[in-house]
Every structure is written in C-alpha cells, then in structure tokens.
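These two chains come separately, so use the hints to put the complex back together.
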Amino acid sequence: MTIFSPSPVGRQIGPVLVEFTEDDLLRFASVIGESDPLHVDPIAARAAGYAGLLAPPTFAVVLVELANAQLRAAAEPNLLAMLAGECQSLVHGEEVMAFHSPVTAGQTVEVCARIVAIDSPAQGRIWRARVDITLSTPGGGTLVTISRTMLRLIST
Amino acid sequence: MNPPPLSFGPITPATLAAYAVASHDHNLIHLDDAAARRAGFEGTIVHGMLPMAIMARSVTSWVGPDSLIGLSARFTAPTPANAVITVTGRVRERVEAVLTLILEARTGDGTLVVTGTATVRTD
Numbered sequence: 000m001t002i003f004s005p006s007p008v009g010r011q012i013g014p015v016l017v018e019f020t021e022d023d024l025l026r027f028a029s030v031i032g033e034s035d036p037l038h039v040d041p042i043a044a045r046a047a048g049y050a051g052l053l054a055p056p057t058f059a060v061v062l063v064e065l066a067n068a069q070l071r072a073a074a075e076p077n078l079l080a081m082l083a084g085e086c087q088s089l090v091h092g093e094e095v096m097a098f099h100s101p102v103t104a105g106q107t108v109e110v111c112a113r114i115v116a117i118d119s120p121a122q123g124r125i126w127r128a129r130v131d132i133t134l135s136t137p138g139g140g141t142l143v144t145i146s147r148t149m150l151r152l153i154s155t
Numbered sequence: 000m001n002p003p004p005l006s007f008g009p010i011t012p013a014t015l016a017a018y019a020v021a022s023h024d025h026n027l028i029h030l031d032d033a034a035a036r037r038a039g040f041e042g043t044i045v046h047g048m049l050p051m052a053i054m055a056r057s058v059t060s061w062v063g064p065d066s067l068i069g070l071s072a073r074f075t076a077p078t079p080a081n082a083v084i085t086v087t088g089r090v091r092e093r094v095e096a097v098l099t100l101i102l103e104a105r106t107g108d109g110t111l112v113v114t115g116t117a118t119v120r121t122d
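Sequence order for the protein chains is H and V. Counting with numbering that gives the first Met the number 0, you get residues 0 to 155 for the letters of the first sequence. Counting with numbering that gives the first Met the number 0, you get residues 0 to 122 for the letters of the second sequence.
FYI, nobody ran anything at the bench for these hints, they're computed from the structure. Do not rely on the hints blindly, as some may be mistaken.
As the list claims (entries may be wrong) - Here are the computed distance ranges between Cβ atoms for each label pair:
no., chain 1, residue 1, chain 2, residue 2, range
1, H, 123, V, 60, 41 to 51 Å
2, H, 107, V, 3, 34 to 44 Å
3, V, 90, H, 76, 41 to 51 Å
4, H, 118, V, 90, 45 to 55 Å
5, V, 110, H, 139, 38 to 48 Å
6, H, 116, V, 75, 18 to 28 Å
7, V, 25, H, 29, 13 to 23 Å
Just so you know, even glycine gets a beta-carbon here, dropped at the ideal spot from N, CA and C.
Okay, chain V solo, but in the shape it has when bound (with noise of 0.2 Å):
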C-alpha cells in the first residue's frame, strides 16, 4: 500500500508572501518578478522547502505525525507561482519496521520538480 497523492495550491504570489513571512526566507526571486528574472528566471518561483513541506504532509498523514525519521529531496526544476504541485509517493522496501518510500512532486503540467525519499517508523 502507498500514500495517496496529496495536491497543494495554486501556490499564488500572495501563498509565496506568506511563506516568506512564515519561513523567515525573504530571498526576492520568490517574492519579486523582476528579481526572479534578473537571477534568470521565468518570473518568481516557490520556495523549495514548500513542496518539500507537501512532501512530509503526504508521509505524515498516512503514517502519522511523530513517525518520520528521515527525509530528503533533490529540486531538479524550478516550480514556477501559480503552479499546482501534486506529491505521489511509493514504498520502495520495509526493513522490520522502518519504511522506504520513493516520493515525487511534479506541477500540473507533469515537469518534475523534487524527487525525494522519506523514511518513516512504523512501529
């Protein structure tokens, strides 16, 4: 058995502002358009901790709150504001009471944005 998918946003400008706020991360290319573009982008682009925050919700809410012992992720694309990030996630292997599972968040049009793993206590 898997976590079901757990879908997050639109993560709009004004969800960005108040993660900034919240997170205490005022960098400019998640806040400003003309800053992301000056740094190369599109336009501002989301914080990586937040899909990575999605991503321990969709662990924690199947396995419970106080179960995780680790997680890891790897941002490979920028998540552009506005997008609709969906997690998926699958058991890669149980070793007696500690699961492996291969997660992934990808935008609503299918681009990959973090991969990760997360190791959870089942006991």
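Okay, chain H solo, but in the shape it has when bound (with noise of 0.2 Å):
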C-alpha cells in the first residue's frame, strides 16, 4: 500500500523548453559565493571558447525548478504536485548529477523528467520516489543527467 495514491510510477513531465539569462546565472554565482572568471565574466568565458557565461554544475538544479514554474503557471502536472501531498513535507534524499557538455548563459534547454520507482525503507514512515531528469540541447545533445530521490516523511 502506498500513500502515493494514484501511482505515479511511469508518469513523465517534459519536454519543457527553458531559458534562462546571464543575470539569471550572476545571481546563482554571486548567492552560492561563485567568483570563477568563467562563471561571472562574459569576456574571460569567451575567450576559453564557451558560447556564453559557463553555468555553475547544480545550476541544472534551477532548470528544473524553472521547467516546474512553467507547468505550474499553465496550471500542468509539475514534478512536486505528483509526489507532495498538502500538508506533507518533502525533502531531498540524493541527488546524483552526470555532466556532459557544458551549459551556458544564452542556450535553451530542454528538460525531461520521469518518476522511477517509490518505495518505503522505513515500513511507512518515510516514502521514497526516484526521479530521473535529462537535461538536453533541444531535440539534441545530453547536457546533464539528475537521478533525484525525493523523501516524504509521515509525522506519527
């Protein structure tokens, strides 16, 4: 028996096309504490041969939160409205991200999200769901891969 009620096992989000600014990655740097040339100098990022502004790696983080924000405000399924409950709360277990290609200021990503597996490792008390979210150029190359577990934890 899960809580998770229907199953959303095998439900996907995506493809969500994002974009995203050179502010939008000065702001993550500059909060993060991020003072690297690459990521906050436009000029130094393109003289060692990137499109733009070099994304810092959990950035892809905030890609996914965007593509989220975009179903959210078309009122479509987003990826915590399928494993939140309402008065539930749901934390970060793992998060295991893979780097192919770099992302920079100025691309637009596509981001694809799909629910794994949800089990209980605690008999009940805290429910585990596996995400795995690709990040890709669109209809193209692999930037990021994420393989996100998501914990909901039952107060008793």
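Put into structure tokens, the structure is as follows:
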C-alpha cells in the first residue's frame, strides 16, 4: 500500500523548453559565493571557448525548477505536485548528477523528467521517490542527467 | 593531495531568501519558521542544493571550473538556518586522468549534513 495514490510511477514531465539569462547565472553564482571568471565574466568565458557564461554545476537543478514553474503557471502537472501532499514535507534524499556538456548563458535547454520508482525504506514512515531528469539541447545532445531521490516524511 | 576545506556561511535567513530567488525553489520549509515546524523541523532549514553547490565549488576551485564530470550528494541531516558549513574532500582513487573524491559537509558542531562524491577529469 502506498500513500502515493494513484501511483505516479512512470509519469513524465516535459519536454519543457527553458531559457535563462546571464543575469540568472550571475545571481546564482553570487548567492553560492562562486567567483571564478568562467562563471561571472562573459568575456573570460568566451575567451575560454564557451558561447557565454558557464553555468555552475548545480545550476542544472535551477533549470528543473524553471521547468516546474512553467508547468505550474500553465496549470499542468509538475514534479512537486505529483509527489507532494498538502501537509506533508518533501525533502531531498539524494541527488546524483552527471555532466556531459557545458551549460552556458543564452542556451535553450529541454527538460524531461520521469518518476521511476517509489518505495518505503522505513515501513511507511518514510516514502522514497526516484526521479530521473535529463537536460539536453532541443532535440539534441545531453547536457546533464540527474537521478534524484525525494523523501516524504510522515509525521506520527 | 586533497582539495582544501571550504567554509560557507553563516547561511542566514537572508541567504536562504536570496537562494530561493536565484534557484526558484520557494519551498516554505526554507523560508518560514512556522512552516518548517509544521513539517517537523525545529526551524527553517537550508535548501539541500546549497551545500551541494558548495561541494561543487570545493572541487572546481581546486581542479578548474570545467573539469567536473559527476557529482552526487546524499542529504543525511537537515542543515539549520544560520549554520556555517565546511566541506572537506579527499581523493579516493585515480584511474588514468579521472579522480574520484569523497566529500563531506558538516555544520559547526560537527554534524554531518551531506556526504558526496565527485568525479573530475584532470587532463
């Protein structure tokens, strides 16, 4: 028996096309204390051969949030809505990221996600959902893949 | 040789508000004490992806910003607001030009909040 009812396993979001600006990258870099020129100086990034500012590695999850926000704005199902209940907490268990190609400012990124498994490692007190996410260039090459585990903690 | 430790914080409510804006993650358990308590925490907790971002920085500031090929994190305990976190890393193995590092993020009182691994290309 699962508290996720109906089971969302197999459900997908996307492809959602997301865009982001240099300012989005600069704001993110500033909050996490990132000051490497490739992440904050567009001239340095282009001189190093990138099309624009290089996104910090974990900016990939911001693109997932942007995709979720777009779906929410369009009143379409999004990942959080599929996994979260109203008064339950949903927290991150694990995040596994593989970086295939650099993400740079000005790019359009295609976000696809799929809920691949749900189980309960603590006899119903914790429910665990695994979501596989792929970021790619539209119709093209993989940029980043993410395997994410979300935990839903059930208060007793 | 291992990457030098990297400390970040204190991660104040203002930091969390700024991270929420920058990351588009507006979950209230990071922003509102009452919402965090309703969810079973003692107060607001740090977005897990923030210590993970610091883990990435600890590696890329050591080997270069475009050398990371993999990064994983397991969130072992909530990081309370106002904590200072310190990320430490050590090289576990080298296979040709690829290094695997074990990473840990701890709060000031020594609590292990995130464990992780990074794989980096050194060629």
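Taking the hints in turn, this is what the structure says about them:
The hint said 41 to 51 Å for the Cβ distance between residue 123 of chain H and residue 60 of chain V, and at roughly 43 Å that hint holds. Remark: the range hint 34 to 44 Å for residue 107 of chain H to residue 3 of chain V is upheld by a beta-carbon distance near 37 Å. Between residue 90 of chain V and residue 76 of chain H the Cβ separation comes to about 43 Å, which falls inside the hinted range of 41 to 51 Å. Checking the proposed 45 to 55 Å range against residue 118 of chain H and residue 90 of chain V shows it is violated: the Cβ atoms sit about 33 Å from each other.
Look at residue 110 of chain V against residue 139 of chain H: about 43 Å separates their beta carbons, and that is inside 38 to 48 Å. A beta carbon spacing of about 21 Å between residue 116 of chain H and residue 75 of chain V agrees with the range 18 to 28 Å that was offered as a hint. For the hinted restraint 13 to 23 Å between residue 25 of chain V and residue 29 of chain H, the CB-CB distance of approximately 18 Å keeps it satisfied.
Hint compliance for this structure: hint 4 alone is broken.
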